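Assemble chain V onto chain Z, guided by the hints.
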Amino acid sequence: MTDLTKLTLADARAKLVSKEITASELTQAHVEATEASSKLNAYVTLTSERAMDMAKASDARIAKGESGPLEGLPVGVKDLFCTKGVRTTACSNILDDFTPPYESTVTSNLWNAGAVLLGKLNNDEFAMGSSNETSRFGPCINPWKATDSDVDLVPGGSSGGSSAAVAAHLALAATATDTGGSIRQPASFTGTVGLKPTYGRCSRWGVVAFASSLDQAGPVTRSVRDAAIMLTSMASHDEKDTTSMDMAVPDFEAALTGDIRGLRVGIPKEYRLDGMSSEIEKLWEDGINWLKAAGAEIVDVSLPHTKYALPAYYIVAPAEASSNLARYDGVRYGLRVLGNDITDMYEKTRAAGFGDEVRRRVLIGTYVLSAGYYDAYYIKAQKIRTLIAQDFAEAYKKCDVLLTPTTPTPAFAVGEKVDDPLSMYLNDVFTVPVNLAGLPGISIPAGLSKDGLPLGLQLIGRTFDEETMLRAAGVLEEAAGFTAEPSTWWKN
Amino acid sequence: MSVDENTVRRIARLARIAVTEEELAPLAKDLTNIIDWVEQLSEVETDHVAPMTSVVETEIKLREDIVRHEHFQREVTQNAPQSEDGFFTVPKVIE
Numbered sequence: 001m002t003d004l005t006k007l008t009l010a011d012a013r014a015k016l017v018s019k020e021i022t023a024s025e026l027t028q029a030h031v032e033a034t035e036a037s038s039k040l041n042a043y044v045t046l047t048s049e050r051a052m053d054m055a056k057a058s059d060a061r062i063a064k065g066e067s068g069p070l071e072g073l074p075v076g077v078k079d080l081f082c083t084k085g086v087r088t089t090a091c092s093n094i095l096d097d098f099t100p101p102y103e104s105t106v107t108s109n110l111w112n113a114g115a116v117l118l119g120k121l122n123n124d125e126f127a128m129g130s131s132n133e134t135s136r137f138g139p140c141i142n143p144w145k146a147t148d149s150d151v152d153l154v155p156g157g158s159s160g161g162s163s164a165a166v167a168a169h170l171a172l173a174a175t176a177t178d179t180g181g182s183i184r185q186p187a188s189f190t191g192t193v194g195l196k197p198t199y200g201r202c203s204r205w206g207v208v209a210f211a212s213s214l215d216q217a218g219p220v221t222r223s224v225r226d227a228a229i230m231l232t233s234m235a236s237h238d239e240k241d242t243t244s245m246d247m248a249v250p251d252f253e254a255a256l257t258g259d260i261r262g263l264r265v266g267i268p269k270e271y272r273l274d275g276m277s278s279e280i281e282k283l284w285e286d287g288i289n290w291l292k293a294a295g296a297e298i299v300d301v302s303l304p305h306t307k308y309a310l311p312a313y314y315i316v317a318p319a320e321a322s323s324n325l326a327r328y329d330g331v332r333y334g335l336r337v338l339g340n341d342i343t344d345m346y347e348k349t350r351a352a353g354f355g356d357e358v359r360r361r362v363l364i365g366t367y368v369l370s371a372g373y374y375d376a377y378y379i380k381a382q383k384i385r386t387l388i389a390q391d392f393a394e395a396y397k398k399c400d401v402l403l404t405p406t407t408p409t410p411a412f413a414v415g416e417k418v419d420d421p422l423s424m425y426l427n428d429v430f431t432v433p434v435n436l437a438g439l440p441g442i443s444i445p446a447g448l449s450k451d452g453l454p455l456g457l458q459l460i461g462r463t464f465d466e467e468t469m470l471r472a473a474g475v476l477e478e479a480a481g482f483t484a485e486p487s488t489w490w491k492n
Numbered sequence: 001m002s003v004d005e006n007t008v009r010r011i012a013r014l015a016r017i018a019v020t021e022e023e024l025a026p027l028a029k030d031l032t033n034i035i036d037w038v039e040q041l042s043e044v045e046t047d048h049v050a051p052m053t054s055v056v057e058t059e060i061k062l063r064e065d066i067v068r069h070e071h072f073q074r075e076v077t078q079n080a081p082q083s084e085d086g087f088f089t090v091p092k093v094i095e
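Residue numbers (this note's numbering), protein chains in the order written: chain Z, 1 to 492; chain V, 1 to 95.
Don't take every hint at face value.
Calculated lysine to aspartate or glutamate pairs in the DMTMM-like style (CA-CA distance at most 20 Å, straight line) [claimed, not checked]: (1) Z:K348 - V:E21; (2) V:K92 - Z:D344; (3) Z:K84 - V:E75; (4) Z:K398 - Z:E467; (5) Z:K240 - V:E57.
Negatives, chain V to chain Z, calculated, CB over 10 Å [as the list claims (entries may be wrong)]: (6) E5; (7) E21; (8) E22; (9) H71; (10) V76.
These aren't lab readings, by the way, just hints derived from the structure by calculation. These figures come from a predicted structure and were not determined experimentally. Using N, Cα and C, we set each Cβ at its ideal position, and we do this for glycine too.
Isolated chain V, as found in the complex:
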């Protein structure tokens, strides 16, 4: 299946990665090559095969729902490109 430029534009939007008009064609070609190559999986009959969910058989672990670490606000925000009074700041989202 070929991935066309409109599809690249759409998935780039979904992935929140800006792509320039010039980049669309080479990306479409790259993605088409990869998708064509993975297409060979359709040769394999898998109607009665369960999809893998975990490589190691294991039970879901439960733990008490308690707060273990507190007062980490400074550490949590110290790598933020922008923060104020221990909060992350972002451009205005609501008009």
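Excised from the complex, chain Z in its bound form:
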């Protein structure tokens, strides 16, 4: 029998519908793959037994003709989503062995659609990072290696476990979250597809909060079609999240018509950075040519405040994080370190529970929100955010989607940037503006670097127009014809 982990989500779905395979067989193959993947450290909790039970239940529903849209399809879940009865830690020591008595809305939607939970995936602590190195469980390793090199590379972050698991065929798809690029950058680093929907498309209820005005859930998959299928089930209006949009969820898969004739694709000149590597420039040029050849019209646009997006983000996101993370006080859940009095207990608990990057961001956030600095930093950053959103609105008068690189470089080595926060932050230069404006974005694997590592192109859509973005993404994927796979070194 062929290796069932090689199937795309869409192909696996077709084989289940035609009864060529069973959900139990499909899940068994994935459970075996995940259990032989410890060198990647992609999963922080495996739920193999539960997966097999869920698969058996799926087979029973399939037999009765009661299949959901994701019936019997095994997926991984970022450890930021609360899963009822399954430890959820945000990869932070401060959550200790927190076991939610409830299920996040996004994962509830997946289980209601028939999906199977393989386990919880590694991420940067509280999703703060671009390399998955700040996790309490240690770094997740990219399945890709540079040509003729044995150096361990990062899978990107914060959703490094999601991207590594999907790239290494340890799940048909994975959930992830994106606050400043945490879905798209890891997708770019691992040759996978990563989709961040419009802010408000997916409910944030039951997702551990980082920066509430920026956080959004989305899928990591091995094809654009799979991303569309996942998003259709993940998205919903949810009265438990007042920022989730009260609007019908389209069948995103139906948007993949393959026809982009007449589509106007904007190329923002400010994304052409000084000192941009020639391979990234060439990749971007290839993308432009592919879309042009498919009948799109290429339009030059300007997003003049692009360079201010990252510094604005590093005020807004830490400010919101310092507020959100105030709840970790050693009283209601997670770690408690006793002290002389209650304040001492709070301080010792938080000192022991938060890692360096989280502590750095909470302190920055506290500083920019503190008396005397609030207007100078926080309000200033929110004003810059308005200007960035206006830039996009202006550009969308002339075009329907934007095409940019996803990241300025391919994956880097574990340890290379971990001691230099600013150089780590620069990873997100092309992805952060999208979060600040609440827009949808998708990264598509489009080529290999000179060292044989995956590189992604990003498409950015209009607010709540994931469909046009997906249509263009489908065409880009087809033209790029990215079929490279990492070797399976971790199995040895």
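Structure of chain V alone, referenced to chain Z:
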């Protein structure tokens, strides 16, 4: 603007995170680097720009103020590091 050690001590206290004396200097350096870098926003003229409050235009939703879930005391306290009879317990706060 540079963030000095006293400022780090003050904001760490505000954030309720214990910081040792040895950690103050490296943290002050880290925070200064980040604050210096975000300082570039002051180049942008924003006097007549409204701060962003919501990325998606939306109306505030209202709902009936009714109790929907009851008797969750056990679930709510089951992850507490310490609890008693369905209540969270903390060190004595009042003398």
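Now for the hints, and whether the structure bears them out:
1. Z:K348 - V:E21: holds (14 Å)
2. V:K92 - Z:D344: holds (12 Å)
3. Z:K84 - V:E75: Answer holds: K84 (chain Z) to E75 (chain V) is near 11 Å, not above 20 Å.
4. Z:K398 - Z:E467: holds (18 Å)
5. Z:K240 - V:E57: Holds, at about 19 Å.
6. E5: Fine: 13 Å to the nearest Cβ keeps E5 (chain V) off the interface.
7. E21: The claim holds: E21 (chain V) sits with its nearest Cβ about 13 Å from chain Z, beyond 10 Å.
8. E22: holds (13 Å)
9. H71: Consistent with the label, H71 (chain V) stays out of reach of chain Z, its closest Cβ about 12 Å off (over 10 Å).
10. V76: violated (8 Å)
The earlier numbered hint that this structure contradicts is number 10, and it is the only one.
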